[in-house]
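Participant: Heads up: the sequence lines are chains A and B, in that order. Using our numbering, the final residue of the first sequence is 305, and nothing's skipped along the way. Using our numbering, the final residue of the second sequence is 318, and nothing's skipped along the way.
Keep in mind that the hints were calculated from the coordinates and are not lab data. Treat each hint with caution, since some may be false.
To be verified - Where chain A lies over chain B, by a calculated footprint (3+ residues, C-beta under 8 Å): (1) 67-74; (2) 126-136; (3) 223-233; (4) 262-272.
What the hints assert, rightly or not - Here are the simulated lysine to aspartate or glutamate pairs, EDC-like style, with alpha carbons at most 20 Å apart: (5) Lys-150/A - Glu-294/B; (6) Lys-242/A - Asp-52/B; (7) Lys-149/A - Asp-196/B.
As the list claims (entries may be wrong) - Sample of chain A residues lacking proximity to chain B, with all beta carbon distances greater than 12 Å (derived): (8) Gly-36; (9) Asn-106; (10) His-119; (11) Pro-122; (12) Asp-148; (13) Asp-181; (14) Asp-199; (15) Pro-206; (16) Leu-207; (17) Ile-247; (18) Gln-274; (19) Gln-277; (20) Thr-285; (21) Asp-289.
It should be emphasised that the depicted structure is a prediction, and the values quoted were computed from it without experimental measurement. Glycine included, C-beta positions come from ideal geometry on N, C-alpha and C.
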Amino acid sequence: MKPDNPANSDIPNIDELSEMARQIRRDLMKMLLISGSGHSGGPLGLSDVFTSLYFHILNIDPKNPKMPERDYFFLSAGHLCPVWYATLARRGYFPLGELSTLRKINGRLQGHPAPEYTHGVPGIEVASGALGQGLSIAVGCAIGLRLDKKPNRVFCLMGDGELDEGQIWEAAMTAGHHKVDKLIGIVDRNHCQIDNRTDKVMELEPLPEKWEAFGWHVLECDGNNIGQFISTVEQATALRGKPTVIIAKTFMGKGVSFMEDNYKWHGVPPNEEQAKQALSELPPTKFGDFIEFEWEKTPVEAEVK
Amino acid sequence: MPKFTVRENKSTRQGFGEMLVELGHENPDVVVLGGDVTGSVKTDLFAKEFPDRFISVGVAEQDMICTAVGLAVAGKIPFASAYGEFATGRPFDQIRQSIAYSKVPVKICASHCGITVGPDGATHQSLEDIATMTTLPHMTVATPCDYLETRKMIRATLTWDHPIYIRFFRDNTPVFTDEKTPMIFGKANTLIEGKDVTVIACGLQVWEAVLAEEELARAGISVRLVNMHTIKPIDRDAIVKAAKETGAIVTAEDHQRHGGLGGAVAEVLAETVPTPMEFVAVNDTFGESGGGAELMKKYGIAKDDIVGAVKKVLKRKK
């Protein structure tokens, strides 16, 4: 592993992780510009959560994605996959250059994620896209691991708009009934969904009380604060006897001023002007971009070429 | 002289429930999901024997399907079971995305399929499940004709590393196959040889076809009977051979005529040996309450309907 890989330490290097999260945001803007379609807002808002998970929290091995001791991660809200792809590539699951194939024919980065043995990439266990299915899968996985007395943790990331799906609450009830611990649900609480603010489309509050009523431990944190998110997951990992949900408060579009907290950025990519503006707000990092556009090249470099 | 000996009447669902217990003893990874109708679908037998490996999810079939997927991802061998309509219709999206597209080898085992579930009425009569399940890529679809074949089929799922849907039935029906008859997915069983016409049947219509063959034989018509227990992948060779050798085909099933066994056979014939064909199936209508045998007669999928279809197709045979 490269020495500057923030996944190398037990103690989170917040500066390193923050820089990686910024790099992933840059990757997202470039991927979505090239793709011409896909979701901007949610993935930007989750860059800190994904960086924390894949570069510090999860017990995983990119070279051996099916490692039996791995922590399982399920992305229930499949449309958030651009941030998953960027993170998986940055973590070494597949080549960085492949990020320019998002949503393109003959590529592996499907518009909504698929496992490697259908159309997708390593690190993805099952398909998602039709909402509301991931938590049930995570619950089943955690029950299966518990039957074998294995210590693996199971994570499931849900969108807050996704909680409108009834199946989420079926799964919440099943997990509560069976007291499935080592299961950590994460709700991306950005208050935005495709049509409007979540409270306009379907009121979710009182959300913590709902989960508690279904038999879950509930933790809340700032999902755009890497240190706080990591310590909340550590707290969740120590809890026993019930499943745990972390309500991670994030801002849709975080890091790009004109996208922040605006539900209209749920499902659209930036155009070239918007991408330029976004990238100017996200300074380059030491990790480097996966692609450099012509318009990014300095006049000096252009001359050399 | 009858070609088959009926040893007893016993339900296909009973065969399912008993075999789950056997497999549970043999393989510690076998787990069973319950959706509150465990007494009806006979998974209560497994639950009693292996309470730790029986996972109750309540009346929540969408959750049940995806919980089964998670168990499979964790290395377990999950059987998810409910009534046919609720095992396939209610969670179709879950089966499509999390099982079929994701290629996760969950075993969906549905009882109470077809119109013969009877008194419960049309809401509970699953007549579209072959169509919906066969349309999914990666999915295997099979249906046993009696208690014994159900046992073999459930055992065979253990080594069948694909998503699979198995449809069986509520009623006690004749057990007429024997222990020696093989059950290999995708390989049809020719139960009776014949040269004038072939009846290709599945599920409980195989027995109806046995009765029809007896009657037709007395009338001097030589009927071949094929038990097409696997509808997907379908045994193309058996269909082509039957068409070439007998020149007329009748299909029989407890399912809508659109998208069922008949359609699958017709697809094969259309691109290989176009052959006169008649369909014995429920004719684009919902069922109603009544006894299973009464409903089979009223909705045109009983022995007499097969006899009629054979006579009709023979008139069209060149």
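Participant: Each of the hints needs a verdict: does it hold here or not?
Facilitator: Hints, one by one, checked against the model:
no., hint, result
1, 67-74, "holds (count 8)"
2, 126-136, "violated (count 0)"
3, 223-233, "violated (count 0)"
4, 262-272, "violated (count 0)"
5, Lys-150/A - Glu-294/B, "violated (53 Å)"
6, Lys-242/A - Asp-52/B, "holds (18 Å)"
7, Lys-149/A - Asp-196/B, "violated (61 Å)"
8, Gly-36, "holds (24 Å)"
9, Asn-106, "holds (18 Å)"
10, His-119, "violated (9 Å)"
11, Pro-122, "holds (14 Å)"
12, Asp-148, "violated (7 Å)"
13, Asp-181, "holds (15 Å)"
14, Asp-199, "holds (26 Å)"
15, Pro-206, "holds (23 Å)"
16, Leu-207, "holds (20 Å)"
17, Ile-247, "holds (21 Å)"
18, Gln-274, "holds (32 Å)"
19, Gln-277, "holds (36 Å)"
20, Thr-285, "holds (34 Å)"
21, Asp-289, "holds (32 Å)"
The structure shown violates the earlier hints numbered 2, 3, 4, 5, 7, 10, 12.
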